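Enquirer: Please take these sequences and the hints and turn them into a complete structure.
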Amino acid sequence: MLSSQALAQTVTLGFGGAGTNLTNLPFNQGSCNGNDQYTVTWTSSGLSSSNACGNMQIFVTNASGCPSGAPNTSGADGGTQDIVIDTVDLSTLATGSGTVPSQRRRDIPGLGGNCPDGQDIKNAVCAYLQYRAPGATSCDSQLGSSTNLTLNYDSKPPVPPGMNLLAQDSKIVVQLDPQGETLLRYEIRYAEAPAADAGPAWRQAANLDAKKTNESITGLQNGVTYIVEAQSIDVVENPSGYNDAQTATPQASNGFWGEYKDAGGHELGGCSSADAAVPSVLGALGVLGVLAALVRRRR
Amino acid sequence: MRAAFLSLLLGASAASAQTVVQIQPPPPPEPPIGFLFELKMGTLVPRVGDEPGLSSNPYQTIYGNKSMLFGGGEIDFIAWHGYGAVSVGFAAGYSELYAPAILVTNDANNGQPSTEKTALLIFPLRLPVAYRFDVTWSRWRIPFVPYVKLALLATPWRVTKGGTTEVVNGQTGSGLKWGYGFTVGLAFILDVLSTQMAKDMHTDTGIRHTYIFAEYNYDKLDDFGKVGLNLSARYFTFGLGFEF
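Quick note, the sequences are listed as chains E and W, same order.
So the first sequence is residues 1 to 299, counted in our numbering.
So the second sequence is residues 1001 to 1244, counted in our numbering.
Treat the hints as calculated values from the structure; they're not laboratory data.
Watch out, some of these pointers could steer you wrong.
Partner residues are not named here, just some residues of chain W that face chain E (Cβ under 7 Å, in silico) [to be verified]:
no., residue
1, Ser-1055
2, Pro-1058
3, Thr-1118
4, Val-1159
Quick list of the computed label-pair ranges, beta carbon to beta carbon [as the list claims (entries may be wrong)]:
no., chain 1, residue 1, chain 2, residue 2, range
5, W, Ala-1214, E, Glu-192, 50 to 60 Å
6, W, Ile-1212, E, Thr-225, 49 to 59 Å
7, W, Pro-1113, E, Thr-225, 12 to 22 Å
8, W, Leu-1176, E, Thr-23, 26 to 36 Å
9, E, Gly-113, W, Tyr-1098, 52 to 62 Å
10, E, Leu-22, W, Phe-1037, 48 to 58 Å
11, W, Phe-1037, E, Thr-225, 50 to 60 Å
12, W, Thr-1165, E, Asn-222, 12 to 22 Å
13, E, Arg-203, W, Ile-1212, 52 to 62 Å
14, E, Gly-241, W, Phe-1236, 36 to 46 Å
15, E, Thr-213, W, Tyr-1098, 14 to 24 Å
16, W, Ala-1214, E, Arg-203, 55 to 65 Å
Note that the coordinates shown come from a computational prediction; the quantities given were computed from them, not determined experimentally.
The C-beta atom is built at its ideal place from N, Cα and C for all residues, glycine as well.
Expert: This is the structure in structure tokens:
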């Protein structure tokens, strides 16, 4: 991203108030309609009135990347739709850092002040400055931001998740697949399969973080058929809508412990160090101690 | 006696002026104390069905003829080294086995495998006292060392179904079993394969001997005869050991 020939001169951009490492600012239709704003901070190094030639321009392009030249001169958008959001003069540039005045998110070139449905638009925030390279006499070196800063308007709902149900003992395991979407979480709801024309009485299961792929709905009644639906929520809280419902019927099962108890096992579980075990263990430890003492004494 | 023998050899050497005599010093005596560290693994089948009064063997019902994979380590302190060595130690291991749970229904699915897994997890701990007849190596240079061990056993165990501890009628499928065990084994001293490498290892790391071993374990793990879950087992383990 650095178009400079000299390593000592840099400009870095970041989104203000959102941590120094945030370079992508996604927002949804609600944020757009709500006229939410954003700020950009900049830092520079190695730049002063002695080598910077003119003001630094900070602008938003109608593309996901920054052009190599000045705003409205080049780039994927033809260089005609860039919006300059701030101009930093030489004296301010020499201070090394500053903040661009707040801007409305909807005022990026890709939106043109609107908040359309079903769109996924990425516009880049860029910086541009001409400067004099060390040892050079002309101001023909160009400097851009070393960070790639992106405003991402996303009103496009994600695809509903793929789903598989595993009926188990008093529970249903819901296995979910993101279908290639980048998600925040899944929302799951379930209900007992209703009688003929009755509607299901939905209950909300715990949300599932999108980093995980399955969630158990517990406390269900064995032998009862349940219907389950899930929807994906993307990183800007766009819901996918619920997927096609599936059904599953929990069934009782025996693990090893259940099978053991059914076979008449006497073990009660928990720490069985009561009764004969404790004195026996103490006796055994005593024998070991005497043996060790005898060995030491012989030495 | 030895000095006279050396003089004779040196004299003979000087006389002929052609014979090269190499005197090999006897091996250094084994130090009186030290440590052993062993890594071992094997497979075992707990004798759950030995519990009196069971209508069936639940281990076989769930796991069939599968064995549990066992892995563990042991550290021993050599407390006495004379004609053989006596050590006391501590060993810890882990063993697990997973299989599908079994459906319990009133229809044709009864007895069929569930999508849920059930696991038996055991964590064998033991305090062994061992006698190693290592004069076979230290005096006779035979690289096989037989040994026997007597151990106090304590084994925490846990049964899971669907990833959590299984509970049946309020009784939790976990606990602690006590018992005792016998072990007989045979170690093969790897030093014999490369004496120089063994010396270098001793100099560089302090490891006096390295050995592989095979042993047979007879573990009686039933709370000293109390009727309950029987985790006794008879099994072989194999491993690698180091003596410091």
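Enquirer: Against each hint, give a clear statement of whether it holds in the structure.
Expert: A quick look at each hint next to the structure:
| no. | hint | in the structure |
| --- | --- | --- |
| 1 | Ser-1055 | 5 Å, holds |
| 2 | Pro-1058 | 4 Å, holds |
| 3 | Thr-1118 | 3 Å, holds |
| 4 | Val-1159 | 4 Å, holds |
| 5 | W:Ala-1214 x E:Glu-192: 50 to 60 Å | 59 Å, holds |
| 6 | W:Ile-1212 x E:Thr-225: 49 to 59 Å | 58 Å, holds |
| 7 | W:Pro-1113 x E:Thr-225: 12 to 22 Å | 21 Å, holds |
| 8 | W:Leu-1176 x E:Thr-23: 26 to 36 Å | 54 Å, violated |
| 9 | E:Gly-113 x W:Tyr-1098: 52 to 62 Å | 60 Å, holds |
| 10 | E:Leu-22 x W:Phe-1037: 48 to 58 Å | 50 Å, holds |
| 11 | W:Phe-1037 x E:Thr-225: 50 to 60 Å | 57 Å, holds |
| 12 | W:Thr-1165 x E:Asn-222: 12 to 22 Å | 19 Å, holds |
| 13 | E:Arg-203 x W:Ile-1212: 52 to 62 Å | 60 Å, holds |
| 14 | E:Gly-241 x W:Phe-1236: 36 to 46 Å | 59 Å, violated |
| 15 | E:Thr-213 x W:Tyr-1098: 14 to 24 Å | 20 Å, holds |
| 16 | W:Ala-1214 x E:Arg-203: 55 to 65 Å | 58 Å, holds |
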